[in-house]
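Asks: Listed below are the residues making up each chain.
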Amino acid sequence: MSQGIAKASNQSTTGALDAGPHAERLSNLLSAKRANCNREIGLDLFRDMTLGRRFEDKCAEMYYRGKMFGFVHLYNGQEAVSTGVIGAMKKKHDWFCSTYRDHVHALSAGVPAREVMSELFGKETGCSKGRGGSMHLFSKEHHLLGGYAFIGEGIPVALGAAFTSRYKKDALNDKSSDSVTAAFFGDGTCNNGQFFECLNMAQLWKLPIIFVVENNKWAIGMAHDRATSDPEIWRKAQAFGMKGEEVDGMDVLAVRGATERALQRARSGEGPTLLECLTYRFRGHSLADPDELREEKEKEFWSKRDPLKKLEKDLIESSLATKEELKAIEKEIDAEVIDSVEFALSAPDPNPEELNKYIWAEKD
Amino acid sequence: MAGTLLFNALREAIDEEMAKDSRVCVMGEDVGQYGGSYKVTKDLYEKYGELRVLDTPIAENSFTGMAVGAAMTGLRPIVEGMNMGFLLLAFNQISNNMGMLRYTSGGNFTIPTVVRGPGGVGRQLGAEHSQRLEAYFHAVPGIKIVACSTPTNAKGLMKAAIRDDNPVLFFEHVLLYNLNEELPKGDYICALDQADLVRKGKDITILTYSRMRHHCLKAISQLEIDGIDAELIDLISLKPFDMETIAKSIKKTHRVIIVEECMKTGGIGAELISLITEQCFDDLDSPPVRLSSQDIPTPYNGKLENLTIIQPHQIVDTAKKILNKGI
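Heads up: the protein sequence lines correspond to chains Y and G, in order. Under numbering that gives the first Met the number 0, the first residue of the first sequence is numbered 0, with each subsequent residue one higher. Under numbering that gives the first Met the number 0, the first residue of the second sequence is numbered 0, with each subsequent residue one higher.
Misleading hints may appear alongside valid ones.
To be verified - Below, a list of computed lysine-lysine pairs in the PhoX-like style, where the Cα atoms sit at most 20 Å apart: (1) Y/Lys174 <-> Y/Lys89; (2) G/Lys19 <-> G/Lys41; (3) Y/Lys168 <-> G/Lys46; (4) Y/Lys242 <-> Y/Lys205; (5) Y/Lys168 <-> G/Lys19; (6) G/Lys201 <-> G/Lys320.
To be verified - Under 7 Å between C-beta atoms, here's a sample of chain Y residues computed to sit facing chain G: (7) Tyr63; (8) Lys66; (9) Thr124; (10) Arg130; (11) His135; (12) Lys139; (13) Asp169; (14) Leu171; (15) Ile358; (16) Trp359.
Calculated from the structure, these hints are not laboratory results. Idealized CB from N, CA, C, for every residue including glycine.
Chain Y extracted, bound-state conformation:
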């Protein structure tokens, strides 16, 4: 199998061997300090992750029912990353930059489910007015810099937002300027030049940015260890003199803890951080992907570490919430998702007479 090299070099590790090298890494990960959690935070995180999960499940249903078109990339399994990172940041203050797998980042950033679902239905009420679609969700109001469909192209854009933050502080003497930008991208992107170019510039200029790698092992059908010479992406930060951290991306409190540390560095002028979140997507690359290459054992390993179940267990065991309370939240979220679908279905299409609108900036 493709994982042969990594297996051979790690024979002493047991348990996750059959599930491949990515699973081994997670199993061997020494846990860094997790974030503190109280009832309010815990329930917020649970709500956000549940929304992410249930929203995406509904998208799959709508896609297969022919209500949604194009390429649709779902986020199931990776919720701890979006919620862990964005939940630790300040909404409408910090900036968020995503990829083609952007629905849940948008939701975490506060874009209403109605606006996201409408966009997926191509409706005028969508956050991109039906012009963007699944891979191009934008919201200036919620500081979502967008979903970018080509690999790596969002990273420089995110860097630009971080540059603006520093520019306002140091060139325009606005000492209150402390926004931080989170740039999300995957393991496949870390073999792309823009990743390295932007790491270099971010560290060179000490820009307030967090590079969040959602390493889900698979770039469509290309296994991470077949695509890169050193699979440990977080260590690539070292080459730039940057702080890098490897995080359990299935544990929302671990992600939140790492984000808090990165935010502290960014806001105090110490510059960027590279966070590598080890995670897994529970579905294929997109809804068009037959998903024929991933081994059942690998999928089993990761589904046992479902980030939602983990948080649920944490909250109940630490007596921050009861099972009934969490069930009630799930019900609320289901209602919210159903509402978003109903809203989107009944929303108007864009006006054909406005086909050319938004090409040019409107005159003030």
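Using the hints provided, position chain G relative to the given structure of chain Y.
Replies: Just chain G now, kept in the frame of chain Y:
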């Protein structure tokens, strides 16, 4: 000698706009301490500091993308392509993000950016440094494309480009930086979407842009001697074309030559001739003609290079042929 060199006219424009609006900044290779490879940003680094005049690493795609992100979050960046040819490496950011993002975002964001630098065929710079990317970028939606040709329009267009809320690709020509001209006094701008009627004439319309304007002027002096009264229009705006000015001229002269430095296939003239055919067909007394560069990589050898691009005598010959005055 009094007057202002073209590179200094551009520098004045940038300096004045930076002084007036603290959101305006410059980024690119060697724009800061070095002052720009053609000195268009000379001394601005000392005046405005290292963040407002940012020396970037050699990473065109990434610093162009950074300008997009900076523009989305409130700044008004000017990106220098040290040579416009290098921007092939930033094609994705210019196309997908500068050009398309306002639309795909449903109007959420505007991208007020200027991408400027030297283009065109210089003197034996070799194929890669002699490109005419205005043609390559022409199909990208959502960007304006302009080409300056004199110190006066260089300054006025640059100021207009910086003030515009849309992305503007601003083509300078590597061989025009030392043109000298007395500039108008005070703060002035030139409209980004208006062609310049350089010389009025009644016999034939010549449409051109950038350095070819000066080749056309040489040709027109000769044509004048030969009794042909040519009208010269400098397109200035390569996207969108100022079809109003162009159509008006063709209605008067009924004949048209397009003189361009880009290659013929897929060039600026290719699009222009299509529009003229669509919009001015009934006004034409003879087929419109394109005088373009050869469809080849620009050779290094000086003689071959001259054969690659259009020379003034070819413009003269073509005009005479169209008007049946013999060659």
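Asks: None of the hints should be skipped; say for each whether it holds.
Replies: Tested hints:
no.	hint	result
1	Y/Lys174 <-> Y/Lys89	17 Å, holds
2	G/Lys19 <-> G/Lys41	18 Å, holds
3	Y/Lys168 <-> G/Lys46	18 Å, holds
4	Y/Lys242 <-> Y/Lys205	11 Å, holds
5	Y/Lys168 <-> G/Lys19	19 Å, holds
6	G/Lys201 <-> G/Lys320	16 Å, holds
7	Tyr63	25 Å, violated
8	Lys66	20 Å, violated
9	Thr124	10 Å, violated
10	Arg130	5 Å, holds
11	His135	4 Å, holds
12	Lys139	4 Å, holds
13	Asp169	6 Å, holds
14	Leu171	6 Å, holds
15	Ile358	5 Å, holds
16	Trp359	6 Å, holds
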